[in-house]
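Peer 1: Residue numbers (the working numbering), protein chains in the order written: chain A, -17 to 310; chain B, -17 to 310; chain C, -17 to 310.
Any given hint could be a false lead.
One copy or two, either will do: identical chains are not told apart, so a pair holds if it fits within one copy or between any two.
[To be verified] Only pairs whose alpha carbons sit at most 27 Å apart, straight line, appear in this in silico BS3-like list of lysine-lysine:
| # | residue 1 | residue 2 |
| --- | --- | --- |
| 1 | K306 | K294 |
| 2 | K207 | K(-2) |
| 3 | K294 | K309 |
| 4 | K(-10) | K0 |
| 5 | K280 | K294 |
| 6 | K294 | K273 |
| 7 | K278 | K174 |
| 8 | K21 | K304 |
These are calculated hints, taken from the structure and not from any lab test.
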Amino acid sequence: MKLSIAIKKAFNDTLKLKNTITNDFELEGLAPVESANNKQLSYINQDKYVKDLNNSQAGAVLIKESLQEMIPNHIQPLVVDNPHLAFALLSQLFAKGDFISSDYSESYIHPSANIASNVSLGKNVKIGANTMIMQNVVIADNVCIGENCKIYPNVVIYRESEIGNRVLIHAGTVIGSDGFGYAQTALGEHVKIEHGGKTIIEDDVEIGANNVIDRAVFGETCVKKGSKVGHSCVIAHNSIVGENSLLVAQVGLAGSTTMGRNVVLGGQVGTGGHVHIGDFTQVAGRGAVSKNLPPKSKWGGHPIMELDEWMKFYVRLRRLLKQKDSKE
Amino acid sequence: MKLSIAIKKAFNDTLKLKNTITNDFELEGLAPVESANNKQLSYINQDKYVKDLNNSQAGAVLIKESLQEMIPNHIQPLVVDNPHLAFALLSQLFAKGDFISSDYSESYIHPSANIASNVSLGKNVKIGANTMIMQNVVIADNVCIGENCKIYPNVVIYRESEIGNRVLIHAGTVIGSDGFGYAQTALGEHVKIEHGGKTIIEDDVEIGANNVIDRAVFGETCVKKGSKVGHSCVIAHNSIVGENSLLVAQVGLAGSTTMGRNVVLGGQVGTGGHVHIGDFTQVAGRGAVSKNLPPKSKWGGHPIMELDEWMKFYVRLRRLLKQKDSKE
Amino acid sequence: MKLSIAIKKAFNDTLKLKNTITNDFELEGLAPVESANNKQLSYINQDKYVKDLNNSQAGAVLIKESLQEMIPNHIQPLVVDNPHLAFALLSQLFAKGDFISSDYSESYIHPSANIASNVSLGKNVKIGANTMIMQNVVIADNVCIGENCKIYPNVVIYRESEIGNRVLIHAGTVIGSDGFGYAQTALGEHVKIEHGGKTIIEDDVEIGANNVIDRAVFGETCVKKGSKVGHSCVIAHNSIVGENSLLVAQVGLAGSTTMGRNVVLGGQVGTGGHVHIGDFTQVAGRGAVSKNLPPKSKWGGHPIMELDEWMKFYVRLRRLLKQKDSKE
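Make the full structure from the sequences, and use the hints.
Peer 2: Shown next as structure tokens:
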């Protein structure tokens, strides 16, 4: 679809393009500034990122009027009042298909794989040797599952997810669902950002029951080799669970949480978005990770403190109040 | 069923009626004091609500002995030691059927709807144009789903739920389940309160994966137009999620939580029962909403504080302890 | 399998046996020190438990070198650097089968039970009178379900689980899944501990939607008679939910949490492992149970305090800071 037609179709009555398109190329999709090619469109939401355009191969970029002058010549600027909203509207033109697939002729199931009779498989699904897919599992188009995996009943795997070897996924878990991403209109309505990325579960990972692991906006959400995820966790879009890390039950990772290897997050831990947790760092149950945590450290509480401080903090406050009592 | 027979059947050996029935009408169900008609029965659990009976059309009311004198003449009093328990016992007589339905002849599926082959539909189900119902979805009796919806695999929708247009419900979510409501016997046993209400999901709502949204005791639980609910949230009976509100992942709303429009609740937020959150108010992740919050305000923490105070509160406490350290 | 062969097969290149096997018996499985018979193998992970071996009938025991001298003569010592890891490796030899069962000839379904057509049943399953099993429920081998139960759609029940009479289990709940248990290698990899125990749900229990209740390592995880569990709770291996207890939504019980009768845990409560909560004790929503709680007491907060103290604690801290303000 030509860029100009895509813009017209996507913006409709919600948004207006404020400049003229001079390079009306065939638009093939959306991508981040750093990886977009000249058939793809990106957006700049914060002023400080505008300098990244100098190294970008993007064909076009959505920007605020104030930044228009700073766009390199090889990129078509698309000036709008709300680049984030414009991006959300355009993402819907490139939304991919869903689960119902009448055709799984292109799928490849290894002869030694054991597939229960009422499993649903999409198009172009690959399932490796000795893998067991149990009852009522639903696997969408273009999913790839390795060897010696066990996918327990009622697991749902959304399109394009990649599952490694020796992976266990317990009942009711959802892999590759859409992330929680919306742009807001002037009226306070929420416009869905279609998630074009995917979810990767590497080798030797075990994922408990009733978890939700979202696909990425672009690129990937990844649970790395050897990690173990408990039950009822939520891992949001673009998060990276580091190699051999442990997430105990009911942990929630906000979008773009990343971590090094052998991290341990106790039960009910939550993270804010865009934080990084260093190698071998541990967060005690219920800790609220609101900032980057260095490697080999221990943390707890909300607000989060180093575990040593946290262990004494409330003890000392209680003592303080008791001293006041005895004075009064 | 005659009122006298219903009472006898429901109370059995657990409870005793302490007065005589003089108006033995044909009982058709239970309802709240304010909406009950003269074939229905209500109950008064707290003394202060007894005055509401003056404007009630209820046929009968369960009350404690001490309130008996205050019942208007047109209502048959039913005097018991524990009206809440009596109500729970009676609710079981009017419990409705469940999922297994051999008959879906009365259902109407729009010809353009796309229903996967292994979907289960109950009786009198309506599904609108272009709606896609994916694999293993189970829809009970009397459910109505609008146009252009996508119901992802393994979603379960309990009886009488109403889903609007352009609604997305992701994998594993449960809509219309029974609320957590029990009355206690003198022995500490819990008697289930059968939930006669329903769940309404309005237009343009997106609901993530593995959520649970309960039906109401009476009336309805409602997620209003344009709201977006993340993953693994629990929305208890009789809650109202306001128009264009956002509930990020793992949020828990206790029973009868209500809110205005464009409310934002961060990840792992919880609410106490019967609280109201005003329009445009935001609660930071992990906030514990234990009281009504005014419109256009920001909150965080547990106990909850205005966000400004919360941001400084722990900083100041840590400074206080450090000052003490340096003095000692 | 001979003990020597089991050790060789399990340890492979990961671990070395440091002594010689003199009693090479036919190994039949793993068991705790207190219940193992002379065909079974146990392990001692903490020095203080070594004295328990004097009353043990175990055939062999995994121990650290420093404890070797203290092993009674009737037990074959197995000296390793990491008994916990050795135990995990051996547990995998005795892992049992999973859901896909082509044979349910040995199952017994009472003629009055109502089983939806697309339910999956394993081998040797028993289902009692008037029990209703709804759509897409998956029940693995050797599961026993009593009379008058309702198992809602998309519930998954892992092998050997025992469900009593009049039990309700709502949609999407997973019963009997593997607990979160791993031993660590020297390289920081996690070795799965296969869970040989089971899950028991006693009479008159109601379990909400999307819960996860794990099987035990050995013995059983148990939800006792008359208890009610809300939605999206996680009950870890070897936990005991006491008779007539209430767990409101999103509660997380860590491994081996036990409790007396009529305990109430509010929404989002979490417990640390190996804690006991006394009869009739209540924990307010979001409370973090990090220690044993006596009977008939009330608690709240994180860190947990008696509810009376908790209610005043933050009020007093805020007052303290205000006093400081007015002084400055």
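Peer 1: Okay, which hints does this one fail, numbers in order?
Peer 2: Failing hint: just 8.
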